[in-house]
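Undergrad: Here is how the chains run, residue by residue.
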Amino acid sequence: MNYVIIGNSVAAVHAVMGIREYDQDNPITIISAENYYAYGRPLISYWLEGRVKNKNILYRPEEFYKENKVQLLLGRRAVSINPDSKQVELDDGNFLSYDRLLIATGGRPFIPEIKGLNPKNHFTFMNYDDVRKLEPVAAPGKEAVVIGAGPTGLKAMESLVKRGVRVTLVELADRVWSQALDAEAASMVTSFLQQRGVNLYLNDTVQSIEQKKNDRLDIKLNSGCELQSDLLVLAIGVRPNVELLKSIPGVNINRGVVVGPDLNIGLPDVYAAGDVVADSPPLFPHAAVQGRIAGRNMAGNNDNYKPIPPYNALGILGLNIVSMGNSIASDENYELLVETEREALIYRKLVIKENRLVGGLMINKIDRAGIYHKLIEEGADITSIKDELLNPNFGLLSFPEPVWQRQLAH
Amino acid sequence: MKKVYARPAYCMNCHLCEVNCIVAHSKSRNLLKAFKKEKLRGTARVFVEERKPISIAVQCRHCNDPRCVAGCISGAMVKDTETGIVYCQEEKCVGCWTCVVSCPYGVIRPIEIDGRKLPLKCDLCKEYEEPACVVGCPNKALVFEERGAEV
Amino acid sequence: MSTFSLKTSEFSVIRDENKCIKCLACVRQCGFDCHQYDEENDSLYTIDANCVNCQRCVYICPADALKIYENPKPMRSNNYWSANDLKNIYKQAETGGVLLTGMGNDKAFPGYFDRLVLNASQVTNPSIDPLREPMEIRTYLGRRTEPIALQKQKEKDKTQTPIVPIETPIMFAGISYGAISHQAFEALARAAKEFGTMFNTGEGGLPKDLYQYGDNAIVQVASGRFGVHSDYLNVGRIIEIKIGQGAKPGIGGHLPGEKITEEISTTRMIPEGTDALSPAPHHDIYSIEDLRQLIFTLKEATRYEKPISVKISAVHNVAAIASGIARAGADIIAVDGFRGGTGAAPLMIRDHVGIPIELAIAAIDQRLRDEGIRNSVTLVAAGGFRCSADVVKAIALGADAVYIGTAALIALGCHLCQKCYTGKCSWGIATQDPYKTRRLNPELGAERLYNLLRGWSHEIKEMLGGMGINSIESLKGNRLHLRGVGLNEVELNLLGVKHAGEAI
Ligand SMILES: Cc1cc2nc3c(=O)[nH]c(=O)nc-3n(C[C@H](O)[C@H](O)[C@H](O)COP(=O)(O)OP(=O)(O)OC[C@H]3O[C@@H](n4cnc5c(N)ncnc54)[C@H](O)[C@@H]3O)c2cc1C
Ligand code: SF4
Ligand code: SF4
Ligand code: SF4
Chain A
22 MNYVIIGNSV AAVHAVMGIR EYDQDNPITI ISAENYYAYG RPLISYWLEG RVKNKNILYR
82 PEEFYKENKV QLLLGRRAVS INPDSKQVEL DDGNFLSYDR LLIATGGRPF IPEIKGLNPK
142 NHFTFMNYDD VRKLEPVAAP GKEAVVIGAG PTGLKAMESL VKRGVRVTLV ELADRVWSQA
202 LDAEAASMVT SFLQQRGVNL YLNDTVQSIE QKKNDRLDIK LNSGCELQSD LLVLAIGVRP
262 NVELLKSIPG VNINRGVVVG PDLNIGLPDV YAAGDVVADS PPLFPHAAVQ GRIAGRNMAG
322 NNDNYKPIPP YNALGILGLN IVSMGNSIAS DENYELLVET EREALIYRKL VIKENRLVGG
382 LMINKIDRAG IYHKLIEEGA DITSIKDELL NPNFGLLSFP EPVWQRQLAH
Chain B
21 MKKVYARPAY CMNCHLCEVN CIVAHSKSRN LLKAFKKEKL RGTARVFVEE RKPISIAVQC
81 RHCNDPRCVA GCISGAMVKD TETGIVYCQE EKCVGCWTCV VSCPYGVIRP IEIDGRKLPL
141 KCDLCKEYEE PACVVGCPNK ALVFEERGAE V
Chain C
901 MSTFSLKTSE FSVIRDENKC IKCLACVRQC GFDCHQYDEE NDSLYTIDAN CVNCQRCVYI
961 CPADALKIYE NPKPMRSNNY WSANDLKNIY KQAETGGVLL TGMGNDKAFP GYFDRLVLNA
1021 SQVTNPSIDP LREPMEIRTY LGRRTEPIAL QKQKEKDKTQ TPIVPIETPI MFAGISYGAI
1081 SHQAFEALAR AAKEFGTMFN TGEGGLPKDL YQYGDNAIVQ VASGRFGVHS DYLNVGRIIE
1141 IKIGQGAKPG IGGHLPGEKI TEEISTTRMI PEGTDALSPA PHHDIYSIED LRQLIFTLKE
1201 ATRYEKPISV KISAVHNVAA IASGIARAGA DIIAVDGFRG GTGAAPLMIR DHVGIPIELA
1261 IAAIDQRLRD EGIRNSVTLV AAGGFRCSAD VVKAIALGAD AVYIGTAALI ALGCHLCQKC
1321 YTGKCSWGIA TQDPYKTRRL NPELGAERLY NLLRGWSHEI KEMLGGMGIN SIESLKGNRL
1381 HLRGVGLNEV ELNLLGVKHA GEAI
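Protein chains in written order, with our numbering: chain A, 22 to 431; chain B, 21 to 171; chain C, 901 to 1404.
Please note that the accuracy of each hint is not assured.
Below, simulated SDA-like cross-link-like pairs (lysine to any residue); rule was C-alpha separation at most 20 Å, straight line [claimed, not checked]: (1) Lys53/B x Arg915/C; (2) Lys973/C x Asp948/C; (3) Lys407/A x Arg71/B; (4) Lys74/A x Cys113/B; (5) Lys56/B x Asn941/C; (6) Lys137/B x Leu111/A; (7) Lys386/A x Ile133/B.
Don't read these hints as lab results, they were simulated from the structure.
Given the sequences, and given the hints that come with them, work out the whole structure.
TA: Listed below in structure tokens is the structure:
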């Protein structure tokens, strides 16, 4: 038995652990395009800030690979897959045979067509290498424009601000982080950011870029505004890395690769996990859970992935935001429980539909938020505990006794 | 694995488990210093929930498939393969609170101590022989025992 | 607004702010709402007037930050009027009610146990080391059979009830489920079973889930007949007819409706929430003959398988009454002295009615001996046994065994605040409030009670050994082992002991 994993990030690491739960011996090979041991991808902004040093960016200690008998091919890229011969072709021309294969290739930044844009005059915010390149130029007093005020853009903005860079955020939607924040929360976040000196352009995006002689950039926005800046960061979304799978019969691509509940992609012994998977939120926990299950299944187990509602915890400049499920809902099809303390920058909202919790959004008061997420995931009827949900004492005891007794017995 | 189990019939809502947990995880390991000097009030890794007349001490269940570990973006949260203890390597943690939202029991406490954000959770007092909450519970409402595989 | 009152706080609760960590354990544990937390200011304060000095907060405070002091007398000193007298008058002037209290008589009546001393062997009659040599403290309860006649074998007496052995001459006194929590009740039952002695149900019946302890139960039949039915009588090992109680001779009982929870109502067989009233007399007992009827009714109902005990309080002519009880067919006489505890009694009755148990034991033992019927009954004494020496002295005075009630509750945490009648007991003992009863884990309670029995039993063995005897039987009524200190002629006579310094 010979396991091969393409990609070396969170999904891959958890797949290794999943395999090793059932198979301690057979060799695992990981093909890693990036020249690093797996690191916490979201940590790149903390690294740029200087809060995380080189060693701590590693997701697992270096010994992880040795201890788990993993052969790691660093800086190697898989260029094709042959499901018939069960081989993976590498960019150095070699072939690797597999008995079980995991596609854990994640995603890459989406780069739109923009007049004047070239690889030299912008940065992406996805890889360790991205921030290593940014570090020398993101010096105090410099000016930066970040396109995209989603979680990645916001994290890029935060780390730049912390480095003393003056940041302008440009967002196409009518509010920041529009996938997660409703109008109320977004306005709280916006004024919070503006108080910290962040410029914000909403309903706008970049039209063209022009490199000046002094190395400065002239950035024209759709609205006609012109911004001058020292650097430009693009953070407007990710696209799954599915190129290896395109045009393989039996494999369906719907932006990401379509998988069954066992995470098999429709080819014998080939599985996928993480951001590369279709219809799965490109989020860390989801990649980890899928990786684990795919790993177990590769080692012969029969585990199913039950979709986990998206959730994200984001800290920006001291503001703690948590979103889960459908957190933006605000129309009359939903029942909303809301608690706001604007001065204290506290916001808590739960979204209920047909007596089930379907979403939640919290700012700066997130205690026991995991219970809400579990409720969303389970889709349980919450009629009997609705009045308790935002109560300060909300907890296990809010549930009927048989429920909490069972929970305690775990 | 051996875990801490609550026996609600005997929990008397004294919250001493919280106090003992705090002291056990203080630098000084001294009650007065932990509260007065280190200012650790409110940092217990066990949550006594109350709803009169019932109260229960809830803490990490050290899940088989810990969601907090899956969710942790820095790799700080881990499950020890030998002991099964789920704990946070605080020096690695970046305080993003993903674990707080991941835990289905809501037993990770997001706390800021001296400007540093830390997710406080039960580590089964791995540096001690027995969990402090269990040792100090005046009514044996907490027990530390092996109850076999979970369902 | 609270109305103006002449009553002042008896205690001051002092919190050492340098130690207090604001964990709020005191606030959560006080049964009398003395400790308060002001969330807005994050500060703690006390309402001293509420403090009953039950010490729960002192015990629970992890920082040892609390002390309770008795306040100075709220009056100039007076050798006749006590602060308590004033307090009671003020209270009654406000309420017009009867003063109620809990636990036993706490008045400074001279105690005889404290003026009796025990003997020990020296040189001529060597003492015995209980760790090296067998020492028998097993005690038998019930009517002894007639001495074996040398002539022809007598026909077996069909009305003879069995003898019940207990591993130590100490039993738990009747404390009803209702007066105390299920948890406390269960702790007594478990400890009795584990140690091999008896607990007494008191007058509130036996909850079904504790039938497993029936072999160690003395089931009471009292004037209210609460919880008395065939299963109950048959599950117990001994049946006790309760005529009186040391803390309140001559009066009945009253358990307020708030304490009659669903479970208690089921056990007692009365409607939930109604007051449980035990009449002062049994309405079917107005003479020794009536008592005999009840004794034999119960024996018949249980096929002569259960010894019958009759419990009375120690009153002036207790010896004659005891003799009558023995003759009425009782197998055991339980006599409860004026220090005996209670869950609720009128203060005047508790403190002023009845006689000391020491005198009652001596008088009963003597009377039964004089009448030649001492062996036909077991004499169990109760009422204020504080330590194993009290037990040894009681046995030397003539008791076969003792009941401990207050001491057992103290082992469970009771601090004698005497507020049992309020149902607010902070220690989870004399309360039915489910928030408080859970403080008493019966496992732990049983363990503590077991330990107490073990410790006392061991001490009893040591005292016996010291006296050079190796069996509790040899101590029974052996007043030569006792001497009085500072007792007058009448007292010495009544107790049947010599004064210290007098030789045999
Ligand atoms: C700045 C930033 C912040 C984030 N913050 C959060 C957050 O707070 N919370 C959260 O839940 N999620 C966050 N995410 C998303 C999270 O990082 C991803 O969901 C997660 O990393 C996905 O893991 P993965 O293993 O599927 O793929 P990836 O992490 O994308 O890793 C895929 C790896 O495969 C490699 N690869 C691709 N193709 C090949 C090939 N052909 N051959 C060899 N190797 C290949 C890639 O180079 C890459 O190293 C953040 C992402 C970014 C960029
Ligand atoms: S110490 Fe024990 S009794 Fe007290 S709150 Fe904690 S679990 Fe309950
Ligand atoms: S913190 Fe929560 S998710 Fe993590 S192991 Fe404990 S109970 Fe499970
Ligand atoms: S086991 Fe230790 S860390 Fe866990 S709750 Fe108890 S005292 Fe706290």
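Undergrad: Against each hint, give a clear statement of whether it holds in the structure.
TA: Hint check:
no.: 1; hint: Lys53/B x Arg915/C; result: holds (18 Å)
no.: 2; hint: Lys973/C x Asp948/C; result: holds (15 Å)
no.: 3; hint: Lys407/A x Arg71/B; result: holds (16 Å)
no.: 4; hint: Lys74/A x Cys113/B; result: holds (12 Å)
no.: 5; hint: Lys56/B x Asn941/C; result: holds (17 Å)
no.: 6; hint: Lys137/B x Leu111/A; result: violated (43 Å)
no.: 7; hint: Lys386/A x Ile133/B; result: holds (16 Å)
Of the numbered hints listed earlier, the single one contradicted by the structure is hint 6.
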